[in-house]
Structures are given as structure tokens and as C-alpha cells.
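Trainee: Residues 2 to 632 (this note's numbering) are what the sequence shown spells out, left to right.
Because the hints were derived from the structure by calculation, they are not lab data.
Check before you lean on any hint, since a few could be wrong.
[Claimed, not checked] Here are the computed lysine-lysine pairs in the BS3-like style, where the Cα-Cα straight-line distance is at most 30 Å:
1) K587 with K618
2) K379 with K273
3) K443 with K618
4) K273 with K262
5) K462 with K587
6) K462 with K492
7) K273 with K77
8) K618 with K492
9) K462 with K530
10) K77 with K262
11) K259 with K273
12) K492 with K443
13) K528 with K492
14) K530 with K492
15) K77 with K275
16) K462 with K528
17) K379 with K275
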Amino acid sequence: MIQPRWLSGERFRKVWHFLAVTVLALVISLGSERFGWLQDYENIYYDYWHQLSGQRREAVHAAVVAVDDDTLLQYKDDPLAFWAPHFARAMQTLTDAGVKSIGLDFIYAVSAEAWLHKLNLPDSEISRNYDAPFRGQLAQGRKILIAQLVETSQGDMEVMGPPQDHLLMMPNGANDTGIANLYPDTDKLVRTYYPVVIPDPQFPGVGFAMQLVLRATDGDSLANGWSFAGETYPRIRERHRIGYVGPPGSMLTVSMSKLLKPDALADPEVQKLKGRVVIIAPNNIGTSDRHFSPYSRVLLGHSTEPMIGGEIHANVIETIMSGVYPRALSLWFAWPALVAVLVVAVLLYLRLHPVGGLGVGIGLSLLILIPAYALFQKNLLLSVAPFHLALATAYLSTLALRLTGEERERAHLKSMFGQYVSDVVVDKLIGEGQRPNLSGEKLDVSILFSDIRNFTTISEKLDAEEVVEMLNAYFSLTCEPILEHGGMVNKFIGDAVMAVFGSPVHYDDHARRALLAAQEMAREAQKFKIWMRDRFPDRGLPEFGIGIGVHSGPAVMGDIGSVKRREFTAIGDTVNAASRLEGVTKEMGCVVAASAASISAAGAGIRTGRREVVHVKGKSEPIEVFEVLFD
Numbered sequence: 002m003i004q005p006r007w008l009s010g011e012r013f014r015k016v017w018h019f020l021a022v023t024v025l026a027l028v029i030s031l032g033s034e035r036f037g038w039l040q041d042y043e044n045i046y047y048d049y050w051h052q053l054s055g056q057r058r059e060a061v062h063a064a065v066v067a068v069d070d071d072t073l074l075q076y077k078d079d080p081l082a083f084w085a086p087h088f089a090r091a092m093q094t095l096t097d098a099g100v101k102s103i104g105l106d107f108i109y110a111v112s113a114e115a116w117l118h119k120l121n122l123p124d125s126e127i128s129r130n131y132d133a134p135f136r137g138q139l140a141q142g143r144k145i146l147i148a149q150l151v152e153t154s155q156g157d158m159e160v161m162g163p164p165q166d167h168l169l170m171m172p173n174g175a176n177d178t179g180i181a182n183l184y185p186d187t188d189k190l191v192r193t194y195y196p197v198v199i200p201d202p203q204f205p206g207v208g209f210a211m212q213l214v215l216r217a218t219d220g221d222s223l224a225n226g227w228s229f230a231g232e233t234y235p236r237i238r239e240r241h242r243i244g245y246v247g248p249p250g251s252m253l254t255v256s257m258s259k260l261l262k263p264d265a266l267a268d269p270e271v272q273k274l275k276g277r278v279v280i281i282a283p284n285n286i287g288t289s290d291r292h293f294s295p296y297s298r299v300l301l302g303h304s305t306e307p308m309i310g311g312e313i314h315a316n317v318i319e320t321i322m323s324g325v326y327p328r329a330l331s332l333w334f335a336w337p338a339l340v341a342v343l344v345v346a347v348l349l350y351l352r353l354h355p356v357g358g359l360g361v362g363i364g365l366s367l368l369i370l371i372p373a374y375a376l377f378q379k380n381l382l383l384s385v386a387p388f389h390l391a392l393a394t395a396y397l398s399t400l401a402l403r404l405t406g407e408e409r410e411r412a413h414l415k416s417m418f419g420q421y422v423s424d425v426v427v428d429k430l431i432g433e434g435q436r437p438n439l440s441g442e443k444l445d446v447s448i449l450f451s452d453i454r455n456f457t458t459i460s461e462k463l464d465a466e467e468v469v470e471m472l473n474a475y476f477s478l479t480c481e482p483i484l485e486h487g488g489m490v491n492k493f494i495g496d497a498v499m500a501v502f503g504s505p506v507h508y509d510d511h512a513r514r515a516l517l518a519a520q521e522m523a524r525e526a527q528k529f530k531i532w533m534r535d536r537f538p539d540r541g542l543p544e545f546g547i548g549i550g551v552h553s554g555p556a557v558m559g560d561i562g563s564v565k566r567r568e569f570t571a572i573g574d575t576v577n578a579a580s581r582l583e584g585v586t587k588e589m590g591c592v593v594a595a596s597a598a599s600i601s602a603a604g605a606g607i608r609t610g611r612r613e614v615v616h617v618k619g620k621s622e623p624i625e626v627f628e629v630l631f632d
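Could you put the whole structure together from the sequences, leaning on the hints where they help?
Mentor: Next comes the structure, spelled out in C-alpha cells:
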């Protein structure tokens, strides 16, 4: 099978790297979301969106009547177990005010009358009829008492409900109770509720809030399901999100002490309760019925106050009757958005340095929070966790590719070029996907030759170890400018150096790079002259100097040599001419000589001196040569 041309070589490798990283990140991200492994992380942002939003809307369907500190102080001599007459008066006021249904968020295992009877006190009118007003209110209907599911020491679940004599007075008996258990997530925050806790219709297992809604709308607690505000609630145990209207205290709350005043119906706050579902609930300094909500997560500058159970139930009622709560964004939008962000990220990861890629990942992770928060204001949830996990996975995957594939490639390039190119050149080869064509290709390059003047005389006056020491010191200094300007130190020929600019990494300004390197080499040679004087005083050595020739033009680049010994080098007329120009420096009495081709290609800024037209060995046409000046 013939591979398509557009997928050949380096491009093929890049495409498959891109696809592999992208698919891996998508699989890990969407798979983790599917199995629920990201929920705890997602909850963090869900809570922060709530806190940053503050109060989100006004409640219009529910309210709380609080048994607060003012109420307790008003009836401080009455134990709560004997508050049934007070609750009855409050319920009557609420009924007269036009509320739709009333829930009592207090639980009693025994009525006051039954408890008094247990004491075997003398029979009296009070002991027989103490709860009569309360029983009368229950008999009128539209009242819901709470029940609690409790786990016994044996691990069994039992229902703790209101006294039997109260249930007997209620029109629907046990079905006028609602299970008030709240079910927090693993981090103890209440974000969801169960409309139905126990689906069996033979058991009174409807949730407290749902029962209150059913009484307010004349619904049937025994039905197989219900519909409110366009939402269907089948009789199954299924979690639903709570559409909180705001932080603790956002729900309309009226002190119960106001309901017990003679002129309660004239109170504007009491009048606001008309048409609402009302929960009578404790909200005093001694109550333990407080729970953490999304508004309780720690966020600088925001309160972490818990919310009373009655207000949470009121928020559930508001959610059911309004149909407003945060809903997951359609997968037809969320998944394409994830793919789009991931494609951009992977393309940049594969092109940029790891530090730059990390910046891209962090930037995109922060950027995705903006639409996520904006959509939350519309009660739409864009899951942030899959984006963050996908971006992190893609970044780590590309990093792993670089630490494996690129490091192998780096080692291969290093073995090919040895110490003759800088790490910058190797990085550029890898980063841009450039690979030298070892089989040979014709390229425009600049060739630099450098030679030491009077080397034969110098070597005759030094012993072998000193010659090697001198050359190593000299090459260490003069090769650095070549590497710094992106050149390749191609070979050492005795005391001569051959360098190539423009291959294996192509630079459009290879001529300028070669000339700048030549100028710096000349400066280093001036410094090395002092080193020679200090190192070999009184040895009668000629003054140290070098000559450098630079020529630009076409050359054949390839892996040349025998089976046992090969090297990547340049051959051709341009190489020969550059070598001859190095010799021309002696005739011109200068350090650096460059052809007109190199000077012209280098552009402005290269200072030149004398100009000559010379004939060099091997070329029929003369070459225009310029002295290159340096400071």
C-alpha cells in the first residue's frame, strides 16, 4: 500500500502524535467523567459558582417560619414538647393568611397528652385536651409532619414518625407525613434531594418537600409519578439537584413570634406568605438542624455559614414548583467544545517548548472557567473537570513523547553531528521537524574556513603535548562563536576549522551568521594572542594570528564516506572557494576575507575595508573579495 504523500516522513509522525495524544486525552477525560471519578473535583467549581453568584433569585413559592430566639424567649417557660398549642395558633394564622400548605419540621415520638397519661396523674380537662387545637389543625388537611429514617444498631432502617394519635387525625394518615432526611454528598454538602425516598406506595416514603408540594397542588401521594413546571418525577428513588435561591437567609423567613401576635394578619411580613408553601422550622442558637450547602465551601471573602434544614427543604420546594435548577449542558455542545479546546491545546503543546506548553495548559484551564460561570448564571452546567483533565493528560502525554521520542531523536542527532552543533541547533531540528537528507541534497549555504598563521613554525618550537594544549585552548575559544550563531563545526583539519552555516538547520540569514561568527573569532584570536605570550614566554614564537575565509553559494550536503567512516559534510565549488579565500587573507594582509556573494547576502551592517578581485585556484572566473572589519 502506497502511503499518501501528505502523510510521509515527518508529517506522518506529527499527525500520529497529534491523534494519539488527542484520543488518549479524550478517552481518559470522558471515561473518568462517565464513571463519576471527577465528581468531587467538579463539585468544587459547582460550589464556587454558587458563592460567587450570591443570591440568585427571589423565592416565590416557599417560605420559612422560624422558631427563632425571639420565639423561644417569648415562651421560655414552655418546654418544646408542650408547644403543640403554639404550633396550632401559628398554623391557624398561616391558614388565614392564605398559605397553600404547611409543614412542621419538628418531630415528636409521643404527644403531650400521651406523655401526661404515662405519669398516671389525676385526670383533668387539660390532660385530655391539651393537644386538641393542634389535632384540629391536622384534621383540616394540607399539613405535613416529618418522619425520619433512622438506622438501628443492628443496621436496620426504621421510621421515626409522629405520634399515632396525631396520625389518626390527619386526612391521609401516614401519607400526610414526609421523610425529612437530607442526603449530603461525601464531602458533607447538601446539593441534591430525593423526591421519593422509598418508592413502595404501600409505605409512606415520599420526601417532606414533595409531600408539601402535593398538598399545595391537590396531588395524590399514591400516584406513580407527578409533573411540576414541566418536570416529571416518577415514583423512583432518584437524586435531583437543588436550585438554591441563594446563601443562608435568602429564603423569605418570618419569625413564628409574629404569627402568635393578636394582629398577626396585619403584619406585612405575614401577608407575604400568602400563596406559598410554608415550613415551620427551628432556627435558634441551640438547634442542631444545620447543614452544609454549596454556599459553605471555603472561599476568600465569603461566608461558610451552614443552612438550617427547614430552609433547605424550602429551597427544594422552590425547585420543584419553579422548575429552576442547574441542569447539565447538552452533550451535543459540551463534547464538541471539549474536542475543540483539546485540539488547539495539543497543536500548541506539540509546537511549543514544555514551559510554553504548560503556560498554554494553565491559560486554557483558566479560560474555560469564564463560559462555565456564565452558563451557570443561565442554570446550565458546563463540566469543568473533563476539560482540565483532558488538558493535563494531553500536556503530560506530549511531555512523555518528548522525553522518549525526542530524547531518542536528540541522541541520534548528537551521534550524527557529535559536538559540532549547539544544543540550540538540535532543539531547532527537533522542534521544527527538520531532518538532514543524508542521501544528499543541494543547498545554499555559507562556508567558513579558519587557519592559524605560521602554525608550522609554532609547532616546531613546541613539544607535542604543548601543541595539543595550544590547539585545544584555541579551538575552545574560536568554535564558540560558530555554535552561538547556529553554525556547524564540520571538521578540524590540523590547525584549520571548517564550519557550515545553513545546514543541517536552514537559516535564511546564513551568510550574516557566518560573517558575525568570523568577526567574533577574530576578536577571540586577539585575546588568544595574549594567552600565547603568557603561556610560552621567551620561546621565540611568531606572533599568533589567524586567517578566515567566508564564501556563500550552493553546496552538496550529505553523509559522505566509507562504510566504516562517514560524516555529514559539504562538498562542491563553494567549499573549495571558501578554503581558497582563507589563503587570500595573507595576500590582502587582513584577518577576515569574504566573497561579494556573502557580503551581499548578509545585508547591511557588515563593515568592510579593502576590495580586490582575485583569481583562486580551481575557478575560471575571478572572485570579488572584501576585507571584513571588526572592532
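Trainee: Does K530 lie within 30 Å of K462 when you go C-alpha to C-alpha?
Mentor: 16 Å, holds
Trainee: Would you check the hint for K379 and K275, treating anything up to 30 Å between C-alpha atoms as holding?
Mentor: Distance of about 28 Å is within 30 Å: holds.
Trainee: Within 30 Å, alpha carbon to alpha carbon, are K77 and K262?
Mentor: 16 Å, holds
Trainee: Measure nothing beyond the straight line between the CA atoms of K618 and K492; if it is 30 Å or shorter, mark the hint as holding.
Mentor: Given pair K618, K492 holds - Cα atoms ~22 Å apart, limit 30 Å.
Trainee: Are K462 and K528 close enough, with their CA atoms no more than 30 Å apart?
Mentor: Judged against 30 Å, a Cα distance of about 21 Å means the pair holds.
Trainee: Given the proposed pairing of K443 with K618, does the C-alpha separation stay at or below 30 Å?
Mentor: 23 Å, holds
Trainee: Tell me if the straight-line CA distance from K259 to K273 falls inside 30 Å.
Mentor: 13 Å, holds
Trainee: Given the hinted pair K379 and K273, is their Cα-Cα distance within 30 Å?
Mentor: With Cα atoms ~27 Å apart, K379 and K273 stay inside 30 Å; holds.
Trainee: With the threshold set at 30 Å, check whether the alpha-carbon distance from K273 to K262 stays at or below it.
Mentor: 16 Å, holds
Trainee: Between K587 and K618, is the straight-line Cα distance small enough, at 30 Å or below?
Mentor: Given that 30 Å is the threshold and the Cα spacing comes to 15 Å, the pair holds.
Trainee: Given the proposed pairing of K462 with K492, does the C-alpha separation stay at or below 30 Å?
Mentor: This hinted pair holds, its Cα atoms lying about 26 Å apart.
Trainee: With the threshold set at 30 Å, check whether the alpha-carbon distance from K530 to K492 stays at or below it.
Mentor: This hinted pair holds, its Cα atoms lying about 23 Å apart.
This entry satisfies every hint, going by the numbered hints stated previously.
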